[in-house]
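Line order of the protein sequences matches chains V and S. Those letters in the first sequence? Residues 1 to 256, by the numbering used here. Those letters in the second sequence? Residues 1 to 437, by the numbering used here.
Hints in this document: simulated from the structure, not taken from any laboratory. On a predicted model such as this, the values are computed, not experimentally measured, just so you know. Glycine residues also receive a C-beta, built at the ideal position from the N, C-alpha and C atoms. Hints are supplied without guarantee of correctness; some may be wrong.
What the hints assert, rightly or not - Across the chosen pairs, the derived CB separations fall in these ranges:
hint: 1; chain 1: S; residue 1: E242; chain 2: V; residue 2: S170; range: 52 to 60 Å
hint: 2; chain 1: S; residue 1: K255; chain 2: V; residue 2: N93; range: 51 to 59 Å
hint: 3; chain 1: S; residue 1: K366; chain 2: V; residue 2: K208; range: 49 to 57 Å
hint: 4; chain 1: V; residue 1: I24; chain 2: S; residue 2: I421; range: 47 to 55 Å
hint: 5; chain 1: S; residue 1: Q133; chain 2: V; residue 2: N93; range: 45 to 53 Å
hint: 6; chain 1: V; residue 1: N93; chain 2: S; residue 2: H353; range: 34 to 42 Å
hint: 7; chain 1: S; residue 1: E397; chain 2: V; residue 2: K231; range: 50 to 58 Å
hint: 8; chain 1: V; residue 1: K22; chain 2: S; residue 2: E313; range: 30 to 38 Å
hint: 9; chain 1: V; residue 1: K231; chain 2: S; residue 2: E137; range: 47 to 55 Å
hint: 10; chain 1: S; residue 1: K10; chain 2: V; residue 2: K208; range: 38 to 46 Å
hint: 11; chain 1: S; residue 1: I421; chain 2: V; residue 2: K208; range: 31 to 39 Å
hint: 12; chain 1: S; residue 1: G140; chain 2: V; residue 2: S199; range: 45 to 53 Å
hint: 13; chain 1: V; residue 1: A149; chain 2: S; residue 2: S229; range: 30 to 38 Å
Claimed, not checked - Pulled from the structure, derived: some chain V residues nowhere near chain S, Cβ distances all over 12 Å:
hint: 14; residue: E40
hint: 15; residue: K67
hint: 16; residue: V77
hint: 17; residue: N78
hint: 18; residue: E79
hint: 19; residue: I80
hint: 20; residue: E104
hint: 21; residue: D118
hint: 22; residue: I121
hint: 23; residue: I204
hint: 24; residue: P220
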Amino acid sequence: MISAGIDCGAKNTKTVILKDGKVIGKGSVLTGFDQEKAVEESLELAIREAGISRDDIGKIFGTGAGKDSVRMADDKVNEIKAMGKGAIFLFPNARTVADVGAEEGRAAKLDENGRPADFAINEKCAAGAGAFIEAMGRALETPLEEMGALALKSDKEIPMNAQCAIFAESEVIGLIHAKTEKQDISKAIHDSMASRIVSMIRRIGVNKDVVMIGGVAYNPGFVAAMKRELKLEKIHIPDDPEYGASLGAAVLAVDG
Amino acid sequence: MAKYPTEPLKCWPKAKELRQQFYRNFSEAKEKGGIRWMGSAWAPDAVVRGLGKDVYSVTGEPYGASCAFDKPLSAKFLSAAENFGFARDLCAYMRNYWGSILCNEYALDKGKFPKADFAWSQHICCSHAKWYQNACELEGGNVPLFCVDVGAGAYPPFEPEMYPHRIRYVADQMMDGIEWMQKVTGREYNDELFLEAVWNDMRLTSKWAEICMLNRATPAPLDEKTIYSLYVFGVLEQSNAEFADFYDELYDEVKDRAARGIAAVANEKARLMTDTQPPWGFLNIYRYMEKWGAVSVGSLYTFGLAGTWLYDEEKHDLIPRAMPDKKPATREEGCMMLADWHLSKPEYQHFYHPEYKTKMMDAIAKNWKCDGVILHYNRGCEGLTVGIAENRLGLLERGNKVMAYEGNMGDEREFDETATINRLSIFLESLGLKIED
Ligand code: SF4
């Protein structure tokens with residue numbers, strides 16, 4: 001059977017098409033203000049890549065903050081369930097999964113079927129999500145894509161307030177005025193965000209097979225900071241981490 | 001299709017009327033030649049009853065909750081308190097209360113805020129004494145204040161014994177308080193009225209615990225949203241004879257509901273418990289849970305704030321504290337009995353160690369057959385939220401499913417409704433429930 005999972009997130013909307021346990025199509029677009037349009041567009045992209053028609057899809061599941069906009073969905077699943085299923089599909093030994101997206105950071109402890117046994121979601125502040133690095137990048141006048149690589153050049157430890165994006169920004173400005181190297185500030189930004197996500201993961205329990213999905217997993221500076229904070233040699237990251245939850249939704253559309 | 005029969009509570013209109021009358025009494029006290037006092041909901045109000053039958057109070061916490069329920073009014077009070085210079089991270093009830101004085105507006109009838117003749121409080125949370133110290137100043141600076149320190153240690157079994165000197169420490173302050181009240185009001189104290197009030201306090205709080213016991217039944221005869229409207233009498237005035245009588249009536253009705261299998265929530269499929277005050281402006285989250293067939297059957301907060309219980313270590317259970325064999329006969333005996341009774345309040349115990357609270361919460365989860373626990377990391381109440389992250393871990397270790405959300409009982413700016421609903425959906429789904437359209 002062919003299934004599709006659509007994850008309508010705060011920044012991007014992603015679709016995965018699955019056929020007999022294999023990903024055959026993917027599509028990602030900016031969500032923008034018109035969520036329903038974004039859902040349609042990402043689905044179209046994925047269909048095109050898969051080389052199928054919409055009628056070939058047996059079941060569609062929606063997930064993400066904008067899951068109600070996935071009008072054509074046969075069912076909707078919550079983000080925690082979708083990310084858990086996606087993680088265990090890719091890494092069957094996974095028991096801890098973190099999903100760090102643009103606007104929200106989440107973590108879940110999974111049972112052997114990928115069902116969430118406990119979960120945590122960051123509270124009302126950008127300090128635990130990708131938007132934090134983006135905002136700090138603006139203060140540093142550095143494009144988001146370069147922030148991670150910049151951080152990797154530093155080995156300095158500069159403590160920074162990770163509790164609030166606004167306070168952190170004024171700290172960044174203070175560091176700029178103190179003539180701190182950009183790379184050191186960038187590392188401090190990634191460290192502070194990682195410490196926030198890790199404290200959330202610790203709340204639900206860490207095991208050695210930690211999987212990270214979500215767009216922020218593309219950022220090498222953040223991944224390095226997470227490893228340091230978790231004291232782990234390796235964190236499992238799929239090739240396309242931003243599709244983790246949509247993949248989970250597509251799997252759930254088949255498995256139920 | 002509904003799983004269980006349900007019907008409205010017959011006592012409901014009476015509860016509403018009693019509550020309204022209580023607040024009216026406070027605002028109209030002077031027209032009746034009476035006395036007004038303000039203080040914490042946990043204050044030993046029986047002591048004040050000895051001043052006469054025409055002595056009326058407003059207790060700060062339920063008043064603050066009533067303000068919070070009216071979101072535009074609360075926003076006005078909170079900003080008045082902030083503009084005056086009070087910090088935004090203080091107790092949200094307290095800020096609503098101060099704002100109400102500063103705006104000179106009484107939330108219950110929108111008239112002028114009635115000035116109290118004196119303040120009588122106790123002190124367990126670090127906000128209690130400061131609350132009324134500032135309130136007295138805001139009301140003109142000539143309102144006298146007496147605060148009973150109840151920080152006398154945890155009650156058995158959490159500590160091996162409630163040593164007599166600890167009880168005496170609290171009782172002596174009550175005795176001093178009686179002398180002080182006579183001085184500041186010019187009234188002669190009536191011991192008979194006081195002793196009757198002590199008995200009513202015990203009657204009311206013991207009966208409330210008995211009512212909560214009835215909610216062990218499946219289906220639960222009461223849901224927590226309703227319980228919020230009923231437990232309030234135990235925090236408005238514990239020594240009020242009319243309130244104690246009302247609880248007798250309520251007990252009979254709830255007992256009958258439990259016996260006949262009358263459910264609060266007709267589609268009860270899962271039972272939950274909560275903790276601390278809810279975000280009062282957003283009680284719709286409880287209705288949302290009901291759509292999933294989830295009923296919150298209570299909490300240590302609603303059970304223990306208005307009820308007196310003892311924790312039985314061996315049975316790992318909460319047991320309603322039994323009434324003493326006989327009424328107190330002298331002022332001193334009355335103060336000693338009242339002090340001992342109040343020191344055993346479940347909600348006092350966690351101030352000494354979060355583990356005590358975890359034990360009591362787990363006892364509720366097990367004995368009220370709860371499938372999950374929902375914790376409110378309540379930024380508005382330092383007193384009841386202290387140690388809650390420890391409670392979470394303790395409850396998880398004991399095999400409970402736990403969800404936490406952040407918010408504030410009395411400051412809507414700190415509550416994210418959409419995020420909380422989303423979190424609730426995830427949690428309820430993880431309990432195996434499905435939303436019903
Ligand atoms: S912080 Fe909580 S316990 Fe303390 S006075 Fe306020 S409501 Fe009461």
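Hints and how they fare:
no.	hint	verdict
1	S:E242 x V:S170: 52 to 60 Å	holds, 56 Å
2	S:K255 x V:N93: 51 to 59 Å	holds, 53 Å
3	S:K366 x V:K208: 49 to 57 Å	violated, 33 Å
4	V:I24 x S:I421: 47 to 55 Å	violated, 35 Å
5	S:Q133 x V:N93: 45 to 53 Å	violated, 59 Å
6	V:N93 x S:H353: 34 to 42 Å	holds, 39 Å
7	S:E397 x V:K231: 50 to 58 Å	violated, 23 Å
8	V:K22 x S:E313: 30 to 38 Å	violated, 57 Å
9	V:K231 x S:E137: 47 to 55 Å	holds, 53 Å
10	S:K10 x V:K208: 38 to 46 Å	violated, 59 Å
11	S:I421 x V:K208: 31 to 39 Å	holds, 34 Å
12	S:G140 x V:S199: 45 to 53 Å	holds, 47 Å
13	V:A149 x S:S229: 30 to 38 Å	violated, 58 Å
14	E40	holds, 23 Å
15	K67	violated, 10 Å
16	V77	violated, 8 Å
17	N78	violated, 4 Å
18	E79	violated, 7 Å
19	I80	violated, 5 Å
20	E104	violated, 9 Å
21	D118	violated, 7 Å
22	I121	violated, 6 Å
23	I204	violated, 9 Å
24	P220	holds, 30 Å
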